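Student: Generate coordinates for the entire structure from the input sequences, incorporating the hints supplied.
For the record, the sequence lines run as chains D and U.
Position 151 of the first sequence, counted from 1, bears residue number 152 in our numbering, the numbering being contiguous throughout.
Position 10 of the second sequence, counted from 1, bears residue number 11 in our numbering, the numbering being contiguous throughout.
Fair warning: there could be bad hints in the mix.
Copies of the same chain look alike in the list, so a pair counts if it fits in one copy or across any two.
Straight-line Cα separation of at most 25 Å, SDA-like style, residue types lysine to any residue; simulated pairs [unchecked claim]: (1) K338 with P281; (2) K338 with S16; (3) K338 with M241; (4) K338 with V420; (5) K338 with A40.
I should point out that these hints are in silico values taken from the structure, not numbers from a laboratory.
Remember, it's a predicted structure, so these values are computed and weren't measured experimentally.
2 protein chains.
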Amino acid sequence: MTAPDVPIGHADGLSPVRVALLGCGVVGTEVVRLLTTQAEDLAARSGAPLEIVGIAVRDVDAPRDPIVGRHLLTDDAEALVDRADVVVEVMGGVEPARTLLLRALERGAAVVTANKALLGADGPTLYGAADAAGADLYFEAAVAGAIPLVRPVRESLAGDRITRVLGIVNGTTNYVLDQMTTTGLSLDDALARAQELGYAEADPTADVEGHDAAAKAAILASLAFHTRVSVDDVHCEGIMSVTADDVAWARESGHVVKLLAIAERSNGGVVVRVHPALVPEDHPLASVRGAFNAVFVEAEAAGELMFYGRGAGGLPTASAVLGDLVTVARHRVRGGKGPVESRYAELPVRSIGAATTRYQVRLRVVDRPGVLAQVSTVFAEHRVSIETVRQAASNPDPTHADLLVVTHAATDDSLRATVAAVGELPVVEQVLSVLRVEGV
Amino acid sequence: MTAPDVPIGHADGLSPVRVALLGCGVVGTEVVRLLTTQAEDLAARSGAPLEIVGIAVRDVDAPRDPIVGRHLLTDDAEALVDRADVVVEVMGGVEPARTLLLRALERGAAVVTANKALLGADGPTLYGAADAAGADLYFEAAVAGAIPLVRPVRESLAGDRITRVLGIVNGTTNYVLDQMTTTGLSLDDALARAQELGYAEADPTADVEGHDAAAKAAILASLAFHTRVSVDDVHCEGIMSVTADDVAWARESGHVVKLLAIAERSNGGVVVRVHPALVPEDHPLASVRGAFNAVFVEAEAAGELMFYGRGAGGLPTASAVLGDLVTVARHRVRGGKGPVESRYAELPVRSIGAATTRYQVRLRVVDRPGVLAQVSTVFAEHRVSIETVRQAASNPDPTHADLLVVTHAATDDSLRATVAAVGELPVVEQVLSVLRVEGV
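Tutor: Here it is in structure tokens:
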């Protein structure tokens, strides 16, 4: 049964704004708590009371925090959407969230969502539906949790030209890499510890393989460059190949290993990538610890900006949801709407091969005179300039040597070709690792 | 002669939004440059072209950057205001800026201002005029230059409860203290160097005495706590009393000296203060170098957030102005308006005596047994708990000793009374310095 369609109109400042909540997990419960405990403040800021008209859940009878009133629960999400002014979606996943939010936008209801998977996969469809309906679509909580990032990028920097976005946007992998750096643990052991402490899920695939960071990178790139970018356009490497050795060598050369999400202009196009990278120890991103997130934004006029805070967690994410909710409620009461996701630029999205970066390559070579000359020649033939070469101080096996080569900036394509060619040299026994160097 | 009053209406997306610029110094020139060079992007984001209808300057014949079209210049600011949809004020100072902006708001024109002196001194009058007229008043550039801070605080965190704002908001003093820390220079020498390099003005009073930081603190406090705070409510101590010795002792105890602007809830009220303080070396604010600014915001749900970037300079400030300009132009074209400066909370503003903080006190005492006991007793009598006491390792004069006392948290009133009483002790020859410790 579908509830009767309730018209959406401007509230008069006395009638409440009708809020439908889709999903009631950790974030949803905190949203309910804030809506309940801060009701007076939120009404003052919105211009009208915010009333929860219902909460759509899969299982109405599941045990819940007592703050969630049982009478509000329903398993008929469509009917709930049809009687709301604002739909707050914190259920996650692509479906049924997409269908429900499109239904809400088509009715002209405002949407606030924390759903990075959905926006990363199919953001443009939602942005388009919001534009077509003249409805608000806000999603601060979908990128970097509580950190105000979406709003600064799409509003504060609207008069500037963003050239690069570079950040740590996944707390789980940052915690794991941090543990490896400070304790020397292997990746498996650090991940196990993160799971014990609840910083990583039982199935950590989305985090450690970089998919979560890639979704956020796609959303940020769309906003920063006014271009349609989906998660499928993002070059994505996770942290599973990072070894304790990589971390130790990084430290020796004054770096830390971080999983970075990078979106940047390149030759009239845009490159978006997620991969582990070496960051200099004195770079502000290097000191971002544990479950914190931080995003660097470089703009032509503003210069370097950094945004730092908690990237996940029920309460921080709920804070971001509520900030958006107050804004769309205010629009409902006083008129107006938020920025349109203008994709007028539509820059071509290029593959990572076009990105300009630097490599740190570790090679195990035969320890005999002339090896360095042979290796250097291959780099020179590919027009990749070497910044430093260093040999490991101690080596258990005297017939081999470990070389650490750091390059100057070149395209990822030429760096990759260089490493492939170096690996073919008879004197090179093994390419031990290849890591990009960023933030210099 | 006054130009005929031009009605203010919604643009249709084709007619340009008429922009009047008040002032054409370093920031104004960069605003003109961005409006000229980024015209197409700005029109796409605003929904209509942005047209400079005039630039009010004191001296029309003064030499200027060629980007500033001479035909746009006028010395009749009032007439210019009367034919604009949006007034961008980058002239600075309280008058005539206040009169002109009130005139603009009363007409219903939107205002974008970078004027921290005016907002710090008399923000509430302007916020009130904007509310009464239903006009937009935006001022991102007035606090921390290019760093998006005003918008996150008044919009992104609208669903949260901010408990504390703590930041480095003056680049000149940060540069001077940074030089003292890294080179051991005296304050006078560091200041002279800053002046040589153009980081400090010939008359640095507003910076070194903390007035500039106090104006920004007042603006931030008003926003964060929905309360009327003017610069006169801000307890303000500058950096002139900071010595090379203070900086050296700070380093020895793992701290750096920073000029902080702090606004926080305290006993149902608000305390706003600007003073030099010791910040632990591993606090993110400690590594904010040179002319950069950074602001920590603590909110109940969001947790700790930090915003970092260039706090001054023509181009970064112009970026912030343009971001606001795009938003108010979009409201003009598509309807809507920004958040109202709701001061519904109107918390009492308390003096610094009510603030809870920690002190680091350096004392020169007579070097004889029992001195420490006497000093400790005075602290205990005032119910101020001591965290550590340390004696200087080397002392040229064996009859004296230098003690460093660090307290636990207490009210500023009781800490001050304690220090006064300690100074009265016959065994205490001199209270060498008193610095607050923050960020712990």
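Student: Now look at each hint and say whether the structure bears it out.
Tutor: Checked hints:
no.	hint	verdict
1	K338 with P281	neither (42 Å within a copy, 43 Å between copies)
2	K338 with S16	both (19 Å within a copy, 20 Å between copies)
3	K338 with M241	neither (43 Å within a copy, 48 Å between copies)
4	K338 with V420	neither (51 Å within a copy, 55 Å between copies)
5	K338 with A40	both (23 Å within a copy, 23 Å between copies)
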